[in-house]
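Chemist: Using the sequences provided together with the hints, build the complete structure.
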Amino acid sequence: MGAPTPLVTPELDGRRRELADRAADGEDVATAPAATTVRDAFPHTRRPLPWFLAGFLLMLFLVPIDSTEVRIHLPVGSEIDRFGIAVLVFAWIWFGGDQRAFLRTPRSKLYVTAACVFLLVAIASLLLDAGRIVNVGEFTLAEKRFALLGSFLILSWFTLTALRFEDVHGFTTYLIGLASITAVGIIVERKTGYNAFYNLSGIVFKPIATVAPSPTIITPTVQTGGRVFVVGPTLHGLAAATLLVVVSPFAFVRMLHARSRASWWLNAIAFSLMFTGAMATEKKTALFVPLAAIAYIAMHRPRQVMRLAPAGIVALGIAVHVASPHSLGLILNVNNDLNSNSTGHRIIDFQRLMPDIATHPVLGRGYGTLNPDQPNLFRINDNEYLDELWEVGIVGLLAYIGMVLSPVILARRAIRARDPVVAPLALASSAGCVAFFVVGALFDAFSYPQAPYMFFLVAALTTIAAAGPEGNVAPTLAVKRRLELWRRPARTPAPATAARAAAHPPASATTYQAAARPPRTR
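For the sequence shown, counting from 1, position 284 maps to 284 in my numbering; every step adds exactly one.
If you are wondering where the hints come from, they were derived from the structure by calculation, not from laboratory data.
Small disclaimer: the values here were computed from a predicted structure and weren't measured.
Each residue gets a CB set at the ideal place from its N, CA and C atoms; glycine is no exception.
Incorrect hints may appear among the rest.
Here are the simulated distance ranges between beta carbons [as the list claims (entries may be wrong)]: (1) Asn-371 - Leu-58: 28 to 34 Å; (2) Val-76 - Val-362: 24 to 30 Å; (3) Met-299 - Ser-260: 22 to 28 Å; (4) Ser-260 - Val-76: 46 to 52 Å; (5) Ile-380 - Ile-208: 42 to 48 Å; (6) Thr-210 - Val-87: 45 to 51 Å; (7) Pro-207 - Ser-260: 41 to 47 Å.
List time: in silico DSS-like cross-link candidates among lysine-lysine, alpha-carbon distance up to 30 Å [claimed, not checked]: (8) Lys-191 - Lys-144; (9) Lys-191 - Lys-206; (10) Lys-109 - Lys-191.
Modeler: Following this line, the structure appears as structure tokens:
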């Protein structure tokens, strides 16, 4: 079988040359201006798989998936996201994966290999200690955790095979929009105590699912340890903050490359909303993780970030103070941080775990065998790296770190190449992976599904962006036939209509070169 034909459209090829010429002249170019449209790119596409993925992300950002149980019993849990993953699998099989030849594409296999290595290590950690795990009754818990890990990997694989490079810009715009809506809901929740995500989901899914009450608490009491609980569409404010801070680099990078004031202001507002919404949870993650992501971006674009820093710091400070007056002061209270129960708990975590880690140093006690719902038996470490060391040992911890950082490594060449289309996308998506890497040091990220879902999505986007348009493949004949069943048959135009359409083709079907030509004069 011959090699797949790269799907490099004339539109994108012409646009890349145009932007490269402008960049060479010193002009600040955008990733994809709104004045022109790439043919068959999300959201201007009738390919079904990108829309299935968009629907799943809509649920991820607006529905409390870990508090919504469908009234159908499954052995691995009945949370609504499991059914969403099942729909993605069915769609992938029915429509042929759209780009089923991913393993034969020029895209880097570094991230996929790292994810497979981590999965194999997790399986080995369970099999090699299966006798003890079964005897103490931990196998059922491990089975459910493996099902959740499988859901994360399926989402990532679906993204890799459903999206083309031309889809990434529109898809990240969609992510920015979803994150902005979520941020507004969290800000309203912090102000009023009304959690729209839980309440509206309870109404919408009442016929088929049960939505648990929201754990929101905006008036701290002695029983809550003097802490505020603002959770958004999650079970914990840390997960809600992670949803926003992993997406925020996309808006920030677009600010650096904006060609118009309208584009700059739209992305600035979106970034401010995400940062303010994260800060409204009053978690340290909301401050430290965006700073780490911005520092990573500044390593590659120092001049642009420094120009933006003075005004940006003032504007963000004002926005956070208006939306959540006390959150910034609480997070920056060093004395409170050092003397809090959370900080003291983190300091002694490693000491308490050392006996168990020393007993299983290589592959740990078995992936998925920690039960945070039994605090009398298992410690809640507030650190994903400690959890991985405990569960899958030193080998598993290294495999986990390699999986998280592999998208950052493969994006380096694309970022340094300074391609005006590819580089900003690779920089923004890899910054999202850096944000998740920092998140793992601040809390047990895999305990809340929204956080790892976002990482596995952004890691796949980084792989697609780093490969550029040359990483695409043409769909096979079988896939084309399935797509024809999805698409509506085109009507046969009247002769006069056909003549007018030939003389004036729609904007989505014109090339960038044609769109850039001046109008004809009589």
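Chemist: Hint by hint, note whether the structure agrees.
Modeler: Okay, the hints, checked on the actual structure:
1. Here the CB-CB span from Asn-371 to Leu-58 is close to 31 Å, well matched to the stated 28 to 34 Å.
2. The hinted range of 24 to 30 Å is satisfied by Val-76 and Val-362, whose Cβ atoms lie roughly 28 Å apart.
3. At about 27 Å, the CB distance of Met-299 to Ser-260 agrees with the hint of 22 to 28 Å.
4. A hinted range of 46 to 52 Å for the beta carbons of Ser-260 and Val-76 is consistent with their spacing of about 48 Å.
5. Remark: the range hint 42 to 48 Å for Ile-380 to Ile-208 is contradicted by a beta-carbon distance near 32 Å.
6. Taking the beta carbon of each, Thr-210 and Val-87 are about 20 Å apart, not inside 45 to 51 Å as hinted.
7. Checked against the hint of 41 to 47 Å, the C-beta distance between Pro-207 and Ser-260 comes to roughly 46 Å, which is consistent with it.
8. Using a Cα cut-off of 30 Å, the hinted pair Lys-191 and Lys-144 is violated, with the two alpha carbons roughly 36 Å apart.
9. At roughly 27 Å between alpha-carbon atoms, Lys-191 and Lys-206 fall within 30 Å of each other, so this suggested pair holds.
10. A distance of roughly 46 Å separates the Cα atoms of Lys-109 and Lys-191; the hinted pair therefore is violated under the 30 Å criterion.
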